Each structure stands twice: as structure tokens, then as C-alpha cells.
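A.B. asks: Each chain is listed here by its residues.
There are 2 protein chains.
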Amino acid sequence: MSEDTDTPPDAHDPVGSGGLERREELRGRRPGDRVVKIVRPPAFRRTEGGFTATEKALETRGRVSHLVERTRRLLIGRRLATEEEHLERVSKKVGLAIFASDNISSSAYATEEAMRILALAGAGFVAALTMPLTVAIVVVLAIVVLSYQQVIRAYPQGGGSYIVASENLGVFPGLIAASALVVDYFLTVAVSVAAGVAAITSAAPELFPHRVLISVATVVLLTTGNLRGLREAGRIFAVPTYIYLFSMFGLLALGLWRVATGDVPAAPPPIEAFPPEGMQAFTVLLLLRAFASGSVALTGTEAVANGVQAFKSDESWNARVVLILMGTFFATIFLGISFLSTTIGIQPDLSETETVNSLLTRSLVGTSWYFYLVQGATAILLVLAANTAFNGFPRLASIMAVDRFMPRQFAQRGDRLAFSTGIIALAAVSSFLIVAYNASVTGLIPLYTVGVFIAFTLSQTGMVRHWMRERGRGWHASAVINGLGAIATGLVAIIVAVSKFEAGAWMVVAILPVLVAMLWGIHRHYRGIEDRLLIASTVPVRLQIAHPRIIVPISRIDRASLRALAIAKGLGGEVYAVHISFDAEGAKAFKQRWRQVVGDAIALDTIISPYRALMAPLLKYIDAIDRGDHSRPVIVVLAEFVPRHWWEQVLHNQTALLLKLRLFVRPNTAVLDVPYHLGDADPLDVEADKVRR
Amino acid sequence: MSEDTDTPPDAHDPVGSGGLERREELRGRRPGDRVVKIVRPPAFRRTEGGFTATEKALETRGRVSHLVERTRRLLIGRRLATEEEHLERVSKKVGLAIFASDNISSSAYATEEAMRILALAGAGFVAALTMPLTVAIVVVLAIVVLSYQQVIRAYPQGGGSYIVASENLGVFPGLIAASALVVDYFLTVAVSVAAGVAAITSAAPELFPHRVLISVATVVLLTTGNLRGLREAGRIFAVPTYIYLFSMFGLLALGLWRVATGDVPAAPPPIEAFPPEGMQAFTVLLLLRAFASGSVALTGTEAVANGVQAFKSDESWNARVVLILMGTFFATIFLGISFLSTTIGIQPDLSETETVNSLLTRSLVGTSWYFYLVQGATAILLVLAANTAFNGFPRLASIMAVDRFMPRQFAQRGDRLAFSTGIIALAAVSSFLIVAYNASVTGLIPLYTVGVFIAFTLSQTGMVRHWMRERGRGWHASAVINGLGAIATGLVAIIVAVSKFEAGAWMVVAILPVLVAMLWGIHRHYRGIEDRLLIASTVPVRLQIAHPRIIVPISRIDRASLRALAIAKGLGGEVYAVHISFDAEGAKAFKQRWRQVVGDAIALDTIISPYRALMAPLLKYIDAIDRGDHSRPVIVVLAEFVPRHWWEQVLHNQTALLLKLRLFVRPNTAVLDVPYHLGDADPLDVEADKVRR
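Same order as they appear, the protein sequences are chains A and B.
Quick note on numbering: our numbering labels position 504 of the first sequence as 592, and the sequence is numbered without any gaps.
Quick note on numbering: our numbering labels position 665 of the second sequence as 753, and the sequence is numbered without any gaps.
Rather than coming from a laboratory, the hints here were simulated on the basis of the structure.
Values in this document were obtained by computation on a predicted structure and should not be read as measured data.
A couple of the hints might just be wrong.
Copies of the same chain look alike in the list, so a pair counts if it fits in one copy or across any two.
To be verified - Result set (DSSO-like, lysine-lysine): computed pairs, CA atoms no more than 30 Å apart in a straight line:
#1 Lys748 with Lys676
#2 Lys676 with Lys181
#3 Lys144 with Lys679
#4 Lys676 with Lys180
#5 Lys400 with Lys181
#6 Lys676 with Lys144
#7 Lys748 with Lys144
#8 Lys180 with Lys679
#9 Lys180 with Lys400
#10 Lys748 with Lys180
#11 Lys679 with Lys400
#12 Lys676 with Lys400
Bound-form chain A, shown alone:
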């Protein structure tokens, strides 16, 4: 066979010597012998045991496709070879920006979310309870971060909740975790983008009517950035993250300095204050709601554990460092904001016009350039939180596609080694959510965060099982940490689900079984097919050649149908040509012409269809020729004319299209489509053609 010979690929050139080749073929040479001479540079180069397609093989012809290709390159850059994958991996610095933006951006609103619930009970509760609640949430975060440290160590190949839950708890807990995460990824994009755009439209109200359009355009921008691949996306998105981090640290340092020196500024009054005596009684449920609202801060923690393989080596170590850094940065900013806000005595704004962070910044630095720096960085970072989902979802989907719980396209890397299908699917669904909810943050937020805590709980429970099974060194401590994590996140999940149930969390709870059923359905489908199609490697098999019966329906004797006949006859089997007429005269005229043009070479059957049906008698004729002999497939040869313009297609081939659809489901039947283009070889004798021209 060709792959065993050592002939240099471009040594011989028999191109055009058709006669010679056919003689070679008749002498019984195996076809493979000649491939070496034909498949060669520049499109292919010869590699050990086969060919490798070069970049030349991807070149396109034609003006339109050339334009498409240039636009593609402009938008997402040159193609990357699979072996360049390691070049796409990211450092800790970039990784922090990519995977931590969602989590760190929560610090922009976590304090306020908790305060707003406490303010319902009165200003005193805000002052007294904001700090304790912040500390409680940071403790939960610490537990989660520690738990995920263990997850990364145990699953260096990438340990999302889906993998951990399905490996340790079983397929269905895994699918529940995956579905919960998928819902949350979609919502992360929709909520973050809508929130970022809301920040823009509150600064420029004339843009408010276009908020849906701006939001969708932002999603498209994020999609394009992510299709460029991980490293470039990281490079684009790293700057705002670091500006936010540094500006916040500066602000907090200044604030602590002024508190330490006793120079505490006055709290600017909110536009519309909550009534200081409160609007409802303080209850445990209210406290829990405040906790649930603040715990939005924990979203995005999963991302690092999911994306371990995106880091340069040592992957596991880099991921763990990034996770710790993320937790530390977030906790510092969160604690700092809560401490300074309560110390200064800032109260949330009932009208939602100005954020607590904005009030805090204003009280510390006034409406200076620094104020605008902090606010601008915050707005951009809120939008970039969506980027975490753009990294999380495609990775999760690709892992699930490999496990055959998702359509297999999700496992394929695109031109830039990103999981393009996942990125585009995420963009499509989140754009749909934005349009459906009219880009309203208030409408979307109650659906958010339930999913992530369900996934956390399942994953931490899975880790407990993992340690109990492994019983490696120090498994007790590890199991306790993950057990604590499971309990903490489980409690938060229940609190969030209960306190937000009526506002929209019920939708998430309702959709989970549907998603799980869908994922399972996809899996069962693929598995069922593989059971049918795959051949056990232990079974000795031998290919049995099938000798088909060939049927050529001919509606008119013209160059297109003669070409189909010429090819059908060239296949060398039994050929049945059949013509359907609506009346006897038509059949007679057709046979006369047939005798003139085709003669005896191929036998013709004519069928008169008095009810003017074409499809039904033809199918019955095929049945008659087929006779259910399973060892002999039927090939139906269809001549199709290809018009010059695609829209002319509507004037042709309607019958052929219907017939193809119908034959596609007919057992033991294959369809040979013979298109006729203007430039195709003419099936008529060369001499006859000469006479004509």
C-alpha cells in the first residue's frame, strides 16, 4: 500500500496521461500505488505513513470565499495548528484576569446587596450587621477556595463540578451539576452584560432605548475576542482587571489611613434614603436573605478548577496559586469596602441611582479624576465578568461532548484552538436571554446564583466521597474541609433558592430536570448508535463486496440524463433505466428517441402513469427491482441540472429533491446524485459533438 512505499511524492508526473493510467489499472495494479505520485506538495507533504495537509490545503478559490477568509483572519487571526496548543496556554498573570474577573467583579456590588436587605429593617441594622455578614461570607469563600484547592490537586486534568460529581456520586448527580452550571453560565453573560450596559445608559440616558442592541453588540464583541483564542482574549481582557484591582487597593489604603489617623470623612447622603426606622421587622429570614444576596460574591470560583489545563505547566500549581490570589484579592476588597462603608456610615440609596461603592469613593476622594477611574474600571470589569463564562462554558461543554452528553461539535477546537461551537452557542443563548428580558438586570438576577450553589454542593459532596474512597495521607483533614464546604454551600443553596424562589429561582429549579433529560437523551442516542455501528475489535471481520442494482429514472433525453446514464453504465452493474409518461403517446415517442440515442446499450422500461403521479409508481418500480434482497443494495441515479445562480434552483429539481428525501429512509438504498454543470464532460461521442459544433 502507498503508505509503505518510499517513493518521493513528487518524483513522477503522470498527470494527463489518462490512457497510460487506465492501462496500468487494467493490468491489475492496486490503485494505492499511484496516489504517491498525485497527492503531493504544495497542498500535502509526505509524513511517516501518510500525508499531512499543509496550510496551502486550506487556501480557497473564488472571490467570495477569498473575502470571507480575509474577514475571518482579520477578526480572529491566522489558523493555529493543533501542536501549537501549548503556546495558547496562559501564565498566572493572564490566568487571573481570565478566570477571576467574574469573582472579583462581585466585590463591586456584594456589600451593597447585603446592605439593601438589612436597610429594610432599619439603618441601625445596616451599621451593626454588614461587617459580621461580610465576615461570614468571606469564611464561606475561604472554605470554598480551600475545597477547590483540593479539587485541583485531585483533578489536575480540570475538575469542574460535573467531573467531580459524576466520578464520585454517579452520572445523574454529575448531570444535575452540569445543568445547573450551564444555566448559570448563560445567566452570567446575560446579567453581567446587562449590568455593564445599565451603568453606561445611566451615564448617557439617550442610549437607554438602544440598550438591547448595545448589549447584544457587547456579546458579539466578547464572542469575537474569545474566538481569537485564550491567550489573545486574556491579553485583551487583562488590562481592565488590573486597573480595577490597583485602583481599589489605592482607595482602600487611603481610606484605612484616614480612619487610622482619625480623619474620617462625612458620609454623603444618598439621593433617597431608606426610612431609618425600617420598613419591616427584623427576622431570621431577613438576615438569611441578606446573606443570600451577599453570597453572589461566591460565583465564578468554579472557573479556575474547570480551566486547569489552560495554564502553562505546572498547571495544577499555577491554578492553585491563581485560586488563592483570587480569593485573597476578593476578600480584601470586600472586607475593606464593608468596613469603610460602615465606619463612615454610608447607607444604600433606595432609588438605586448611586451605588454604595460610588458613595464611598466620593466620600474619600471627591468627584476627582480618581473617582472616574474607579467607576470606569468597575463598569468595564462588570462586563468582563461575562468573559469567565466564555471560558467556563465551552470547556465544560467540550468535556461533556467527549463523554457524549453534548453534540460532538462541542468537542472540536476551532481555527484558533478555542472551542468555537461552545462560544457561539453561549453567545446565542445569552443574547436570546437579553432580548427576552429586554436587557433588564432586575428581571434576570433572581434566576442567577441558584445553579452555582447546587453545583458547588454536589461537587464538594463528591470530594468527600473521593477522600473516603482514596484514604490517602491526610484524607481525614481533606474530607473535613470538603465536608465543611459541602455543608456551607448546601446551606447557601437552600437559602438562595428559598429566598428567591417566587422571584424567578423556580424557573431554574424547573428547567434542571428538562436539561438533565436532554443531556441524557443525547447520551442514550449516541450510545445506542455506537452499539449498532461499532464493531468489537476482538471480532474477525471480512468485508463482503455488495453488487448493487442500479436504477436510472429518466424524464427527458438530454445531456444531463445521458451523463447520468454514462456514469451508471460505467459502474458496471445491472442498469435499469425507467421513464414515466402520463400517456401512451408520450411513452411511445420517448422509446423511439431512446432507440435513436442510447440504442441497445441500456434496457429501458416505460411506465404510463394515468394518475400523473411520478413518485409513487417509481417507488413501486424500485420495490419490484429490489425484491428485498438484502445482499444487493439498490442505487438510484439522479440526474440534476445545476443552474448558474443559486436562486434559479427553485425552477428545477423539485422532484429530485423530494425523491432524495423519500429514498433516504428506504432500506438498502443509496442515491447517486449526478449534477450537470455547463463545463462538465459531455457524455456524447466526441465525433457526434464535432458534427454539432
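Position chain B relative to chain A; hints supplied.
C.D. replies: Just chain B now, with coordinates in the frame of chain A:
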């Protein structure tokens, strides 16, 4: 060949004796010899020189298609054979109802339309000028009827404006006439149905919000009736026409009797009278507008001449009698209504709440059962006017499709011998117009009647040319009659176009060139293709057998792809199997498995695609194998898995579909689609299969 033998079709039965057959084949017997034994009753019966498909050949299998078939039979009845066409022809009695309903129904509003314009100048003008205008219109109608008598005599095959104009004036006048008629047919349906439904909703105002839905449902009803075929449609639609005719004649006889005996009733006052002194000055333009409004009465005259072939023999005679009857009946009613209305002194109602006909009927018979009979029959007949278009348009379209100015589907007769495509296209476009104009008669009416008079003028002018060319006996008289017709209808066309131009007639004038260009484009396309495809019958041709190169892309070794390989190998040409891997390990593993399963039977090429592209390297590989040798086509064999449910299709074959689209336009390339169903023959050795089970 089979069609020359005399073997009784069911004498031998070799079904199942596959081995025997193959031996026969190897002995070199022509395949046709055996068809006689296989193609046989009950699905086929043997007729002189071929087979005829019986009704059994149309039987369907499967529950869904059985249900569809039963619904179809229930709605439109059993299938009719082409030879039953003469049974579908209609008598003069039914023909009058089918082809005259549009014209006769105009008598319900023609008088009023003319009166309403005259009333703008004052009540005196109504009283003085209604009768003269009516007579003038009847004179034009008489000229048109006489002209069409001549058309029918000259074109007994059906002489619509299109045929007459294109045969005598040239292709483009013919196309203009056809386009004008097509526009008018669409509008006839939309206007008639909207007017009929308006009559219903003015009686039952609670139905007004549903008028669009009721209108479209009426169109669907008319469509179903017409799909049942001409005779049945005639039977359904004849009754209301005759009720209208008899009740109107009764009413007019009573009115004339009372006028003759001096017992003239008092005119009931209209709900809201026009100001008796008039609203604007009386001008020639106003008179012309009144004439244009009244000449809506001439629409529908074309139908009889177009449908000559729908009559029983003697077709020409029957059509002419029906045309004369139609003109006489219409003129009688029109003159009668105008005479009685002006004699009694009825004035039109400014608020459009009650029609002149209703006022006249009420004044003669009071609000009795007879009043309701006349009003009911009028409402139904108004809707049935649409039916004339349902007969006219499909016939016109079928004639144009034969001439290749319309897609050829329009020339095919459906199960009931009606031109189904035309009927459905008419229903679709007119429903669209109804929805677009919100079923408003006022919005639609200005577009109406321009087209019909343009077509009339062209057709009559064509007839003058016809007589001048023929110069048969009495050609002078004939030419004068048609010349008069051309002048009269031409004048009406100009009057209608000018007086209605701003209100909407401009749209019709603007769309005509577009339609003509479209029809011509379709014609040029079909003609261009035939020039390329058809073979002159004088040229001696001989089929040259093409020996294709066969390429089988294999993505995975499974039963589906092995089946494709088995069939490809069975075709007996050069077979190239090719596999594309993303990396070297994949290629190596694949080759190992290939050697195990397929062995040396078919040579394999493996291509490594480092950029993860499938399509581009495969196309380049096909290019390499093809080498542009025009005499040897390339066949690409694609294995496709057919899932159990159609919606599972989305999980499969995406690459195959894209590849098929791409290869469809590749020169000299055919695609063999090998679907794999669960029940298909297994390509593996029987023994291997036994081991497995």
C-alpha cells in the same frame, strides 16, 4: 428488450432466487429480459410496449401517510386518471355558473358605483345621467362580448388575452397582457372575498375583529372546492348563481309591472343622503369617473374565452352560447336596476350602510322573506366571483408554463385534473393581499380593473391584426368589431388608470414591468438550459461510457462506513479510501484498525490535518485524484447514519451535508449517498456476524 417480448408478466416467479439471477447475469443476459417477471400486477399492468401503473401503485404504507391520504381523499376526492378528463368537462348550465359569476355579480354594485360619483355633483345628475351611463356601459359590454365571440371562434383551444396578444402582436405585448391579467386575478379574489366578508360583518358586527381570519378561511374553502376539480366545483358553486339570477329577474319583473301599472312605490330615504345641491361642480372628468366606476361591470368577461376547453363538445359553440347568455343576463339586470332605481328616485347612501340594491329591493317588496333571499344570494355571489379567478388564473398559468414563461409545475394537473399549483399559488398571493390590506375593500378596490382593461385592449388589437392577416370571408366586419372593441376598452383603460391613478392604480402600472421582466427571465432561463441540454434529433449520437474514480472518505471504521466501502468496491472501479486525522497518533491507530478489518481489499490514504480542517484537505485530495480529466468523473461515496427520529438528525451528518453542498457545484463530480438504517444488510462477513451474536 423487455417491451418487445410477449411473456405474460406473472407467469414466472424467480423472487428470492438471487443465486440463479446472478448466474444469469454473469452469462451475459441483458438485464431488461428479467424485468417482465418482476414488474407486474397488482401495482403495474402490462400495456402495449411498456407498463401502466394502476391505482395500487399509488397506495401508501405507514400510518402517517395513510392518514394523509385519507384526509386528502376526504377533502378533494378520489384520484382521476388523465383519460377521465372529458368527464370533468362542464355543460353550458354549469359553465355559466363557473365562468360568469364574476361578471354577473358586478350587477350587484355597478349601478351604485356610477351613482355615487354622480351624486357628488348633485341629486339631479343622479336622476338624469344614471340611465345614459348604464346604456353606454352596456354598449361597451356588447362590443366586448361580440369581440370575444370572434376570439372564441378564432381560438377554440382557449383564447385568453395572453394567447391572442402574443400570437398577433408579439411576445412582449403578450406578456404585458398576461401580467395585467395575473394582477387582476389576484385582486379579484382579494376584493370579492373581502367584499363578501364585509357584507357578513356589517350584519354581525361582533365578527368584525375576525374579518381577516374569516376572509382567509373563505379563500381556503374556495381553494379546496377548486382542487376537487372543475365539475364538482361547478356543482357546488352553481346553486347561488342561479338563485341570484332568478330572484333578481323576479324582482325586476315585479318592479316593471308596478311601473307599467302606475303603482310606483316611494323611495326609502337613505341613512345619510348626499347633499342634494352637490358637493362639487359637474365636470367631464367627473362623468368619466362615473363611467370608470360603472365599468367594473366588464371584469370577468375574459374568463369564458380563456376556458373554452373546459366545456363539453362542441366546446367553441358552448362557450359562445355561455358568453352571450352571460352578457344578456348581466345587461338585463344592470339596465333593470338602473331604470327602476332612477324611476323610483333612489339616491345612494353617503354612509355606505345600505346599498342601492337593498334600498330598491326594500321599496319593492318591503323587509319580507324575499328581501332576505335577494340580499343573501347577493352576498354569496359576491364571494363566488372569486371563483372565476380560481378558474382563470390556473388555466392562464398552465398555458404560460407550457410556453415556459412560468415554472413548469403550473402546467401539471393535480390528482383531480385541476391545475393544483396555480390554484394554491392564487390562494397564497390573494391571502397575502387580504392580510396586507387588513381585508379592507376600500384599500384594495383602486388597484382593481386597470389590469383587465389593459389586457382587453391588447387582445382586441391583436384580433384586428389577426383578421387583417387572415383575410377570410367577412374579415372586414370582424376587424371592425374587434377594432371597436379595442378602441372602447382602450378608452376605458385610460379613463380608469387616470381617474384611479393616485388612489392605487399606479402600483399596478409600476408592477407590470417587474412582472414582465420576471416572466421573461424565467423563459430565458429555461430556454438557455434547453439550448445546453437538448440534443438536436438530427445529430447521430452514441453514449460513451464513463469510468469514474471512486473516493470514499472514512471518519471511523463502523458498520455504516464499511457498508459504504462494500458498495463502493462493488461498483468495480478504482476505489480510494481516505481518512483525515487531527494528529499522527490518530492516523496510526486508524491504519492499524483498517488493516485488521479491511485488509488489502481497498487501499487507504491517511491525511493529518494539523489545523483541524476536514473539508479543505478533503477537497484538495479529491482535486489530486481527479486531475481535471474530463472523461473520468469522480464519485464521492458518503456514509450517512439515518437516526430513528428525524429530530435526531441534528446530532449527525452535519459534515456530510456541508460536503454534499460543496461537491454539488464541483465540476465532473457525483455524490453517492449511502444511508445506513438499522435494518440494512450488514457489510460484514456472515460468519463474523455469527461469532458476534
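A.B. asks: If any of the earlier hints don't hold here, list their numbers in rising order.
C.D. replies: Violated: hints 2, 4, 8, 10, 11.
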